[in-house]
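Undergrad: Going down the list, the sequences are from chains A and B. No gaps in the numbering here: position 137 of the first sequence is 162 in the numbering used here, and each next residue is one more. No gaps in the numbering here: position 102 of the second sequence is 127 in the numbering used here, and each next residue is one more.
Quick caveat, the hints were computed from the structure, so don't treat them as lab data. Heads up, some of the hints might be wrong.
The list makes no distinction among identical chains, and a pair is therefore deemed to hold if it is satisfied within one copy or across any two copies.
BS3-like mimics (lysine-lysine), calculated; alpha carbons at most 30 Å apart, straight line [to be verified]: (1) 119 <-> 97; (2) 220 <-> 235; (3) 109 <-> 31; (4) 223 <-> 188; (5) 166 <-> 220; (6) 516 <-> 369; (7) 423 <-> 311; (8) 112 <-> 79.
None of the values given here were measured: they were computed from a predicted structure.
Residues per chain, in single letters:
Protein chains: 2
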Amino acid sequence: MNLKIKNALISVSDKEKLTSLLKVFKKFKVKIISTGGTYKYIKKQGYNCLELSKYTGFKEMLDGRVKTLHPKIHAGILHDRNNKKHKTEMSTEKFPSLDLIIVNFYPFQNIVMRSKNPKNIIENIDIGGPTLVRAAAKNFKNVTIITSKNDYKDLAHELNSNKGKTSLNFREHMSAKAFGLTSYYDAMIANWFNKSLKIEFPDRKTIFGKKFKQLRYGENPHQESSIYINDYDDKNLGLKQIHGKELSYNNYNDLFTGLEILESLKGKNVTVVIKHANPCGISVNKIPIISLKHALSCDPLSAFGGVVACNFKINKKIAIELSKIFLEVVLAKGFDKESLKILKRRKNIRIIDISKFKFKNNMYIKSFSGSFLVQNRNDKIVKMRELKCVTKLKPSKKEITEIELAFNFCKYVKSNAIVLCNNSSTIGIGSGQPSRVDSCKLAIQKAKKFQPEKIKNSIAASDAFFPFVDGLELLVRAGVRTIVQPGGSIKDKEIINYANKAKIRMLFTGTRNFYH
Amino acid sequence: MNLKIKNALISVSDKEKLTSLLKVFKKFKVKIISTGGTYKYIKKQGYNCLELSKYTGFKEMLDGRVKTLHPKIHAGILHDRNNKKHKTEMSTEKFPSLDLIIVNFYPFQNIVMRSKNPKNIIENIDIGGPTLVRAAAKNFKNVTIITSKNDYKDLAHELNSNKGKTSLNFREHMSAKAFGLTSYYDAMIANWFNKSLKIEFPDRKTIFGKKFKQLRYGENPHQESSIYINDYDDKNLGLKQIHGKELSYNNYNDLFTGLEILESLKGKNVTVVIKHANPCGISVNKIPIISLKHALSCDPLSAFGGVVACNFKINKKIAIELSKIFLEVVLAKGFDKESLKILKRRKNIRIIDISKFKFKNNMYIKSFSGSFLVQNRNDKIVKMRELKCVTKLKPSKKEITEIELAFNFCKYVKSNAIVLCNNSSTIGIGSGQPSRVDSCKLAIQKAKKFQPEKIKNSIAASDAFFPFVDGLELLVRAGVRTIVQPGGSIKDKEIINYANKAKIRMLFTGTRNFYH
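Turn these sequences into a full structure, and let the hints steer you where they fit.
TA: Pasting the structure below:
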């Protein structure tokens, strides 16, 4: 049912675009009630407006903490216009109806961003505003609630096309949006409290996000998808797209893996090649272009159509190397002018500057049919001193650096994961297999195919312990001379014996790195 | 700072355990103000209590819609006890302080569960309650907020050990909990509105969950984890554990995959074996025990330590078969007495009855550093009529049923996925590879190892198109005679030509099924 707007209550912290509405209100003779800053603003624009305290007869108190929390206001919003008893009570109390509520909150995230003072942050939690919004949203049958300046245009359109009335459909949609806002607002507050109290797994958990972009589709063309940002101070994820088509769901999924790996190897020059959310090449090298070349040569066939992530700046030379193959996305910490000229020759390649990307160490969610698993991120980086050599043959100090790296690489390969490394670069990756021996086979096959000369004396890293000797045997036979793995199998003794007999080095990390 | 409780406002829908508190309040001479049902309850228990309307001097109206939304109440909560101006204003108005607020909401989910009437659901959205809770939670420096009967014990302990006072630390924790509740409550409402308006990707999205269980650890022992339920009417996910250790994160992850596959094959007898969140055997058969045997024989080595999911009841015979290998978890639609006796001989096996499990078709979330991707579930099941035969050789009607099945199996294998099928069962699964040809190799290797006799005339399903002929060549050489794939490659023509030359059947589905 269409509903005539007679009385409107306006209380907005952001006054932009408000004037456009005031004109429409004047046209339809809408009476405006308002508080503090909004009241002054409306008067200044030359429109009529009644101050809220004059309307309620109650002077606002406690520096504005209590102004709209008044029965005259809330009865005006909440009464059922079709209920006789309600109508009688309203006329007994001489409470008029409020038909339109326009409220926006001072954005909590801005305060959290700017202020490190908890007192100031808490002071800014709005109590009256959300109550007005929730009351009006509940009673959308009778009241219109507007919570965003972006909806002013639609409201004006409603009034203009319905002779000063709003439609039920419009009111219901605005109500859904309003509860979207109050839940988002309180989720921000709850998460802020939990963070400051170091509560990671509260009894009731709310995850909030603001839509950043609707994606063309999801993992597949028949699935719909959007990406949301849930950080207080982030407007674009820290990713600046310079060129190419919009990022797809699968692009995001791949680049998340890339950024995660770069984060874990901070301080080194790193290149990662990603395909189907699995790395198919990782390399660390003092010389950026060599790290790129080594990463690509791990599996040049799979790199085709992949995502390349570098944590260094791209220059002309590197760009020439990159443009030799077809890539979907290139991520790097900046691109010089010449490099962009070269890269942009490919029309579709997505070029993303990650210079401003900052990792937020948040919780990881896996959702499934009415439930979700939450865990904290696997941000543990195994350090040299945690490596325990269990064989007679020991690695040198220099070798240990390589071993540490190999183990940290394999953390990002889907389980079961086996990674062969040489010279701080992967040379064979065995991923996503139901049995470890299969992953060993895969890693060896890859290395044999593309860089057989590098298998000799290479390092094999395993994300979890070897349940049997079989995988080890394959690795040793292929030429691997060092194995790094968590240890912890009931067959460890047998496995260590085998390693000693085979005259290889084996190190236990004590840390498992499953990843699915 | 410890804070003396002088005046408490209590308004609870669930009155359980309240009496225990009333005794403590009497001891410390706490004055109680209360509304409607709570007021009557307290009086009946023989304790003193002041009715809220007498306290405010304002008679509650609109069937209780407006009672606590009153300046005397909210100033009583919100004023800063250390602010001179606030204190003066409070004494001018003769408003006393309210030091403790106890509120619980009538659970919104119960109403959604019981009522199909939107009017009734909306009527039950609480406005006054959340406002009291938010106001008190904001002012935790001066006020104690209790939102759950489970916290009464702690409150009593606080009062008893601090001579009628509460500590700042306690109040702050209760405040975090309170905002947890209000955000959860509004997230439920917002999601209900969005659902009824068919809005899947609102501007602001909140995902809510109630902690179901804290898990021993996450994907790895050094990660913490909990599982949350976000459905209105669900208390245990519909999973009834009959025997064995508690489910781990990885168990849940695996069984989610199992339940997802069972859901997609409703109406048939199905067994799925899962390892590392990938199926390593799926079989459909009229005779349940045969479906189990076939599923296990796809990769008997990997099945070791796996999760088996059946959508039929387990009897003695099936239990004997199941107990031949070591399994982490068995899921089935019920177990008869004899079967349980047999299965329970293994102390650690987790036995789960899924008879009451109901699939909720919700959104899928992938979270990453300050952002999350949302997509709707890939619930599309490709039907026979969507299969387009592109080769000269055509399959029979009976064969088409098998082909349809094979394609729907491969949807749940991590990309790139190739699945070889024979007799409605997988005989070789190639998963999680960066290039399709690698997945082809893997699937063939598996089949050759365990059931070479079944490769001849088998069906190969691919989750996405073949970019080159290479994978196809391997499959044909191994003995595959039917290939089902989405199609859509720029090389389709070449690929169809090859299939015709090789005298195999090839069908296009038009549907891609990436899964990462």
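Undergrad: Take the hints in turn and mark each one as holding or not.
TA: Tested hints:
1. 119 <-> 97: both (9 Å within a copy, 20 Å between copies)
2. 220 <-> 235: both (19 Å within a copy, 18 Å between copies)
3. 109 <-> 31: Classified as within: same-chain Cα gap 20 Å, cross-chain 40 Å, threshold 30 Å.
4. 223 <-> 188: The answer is between: 28 Å across copies meets 30 Å, while 54 Å in one copy does not.
5. 166 <-> 220: Classified as between: cross-chain Cα gap 18 Å, same-chain 38 Å, threshold 30 Å.
6. 516 <-> 369: between (54 Å within a copy, 26 Å between copies)
7. 423 <-> 311: Result: close within a single copy only, 15 Å intra versus 61 Å inter.
8. 112 <-> 79: This pair counts as both: shortest intra-copy Cα distance 23 Å, inter-copy 23 Å.
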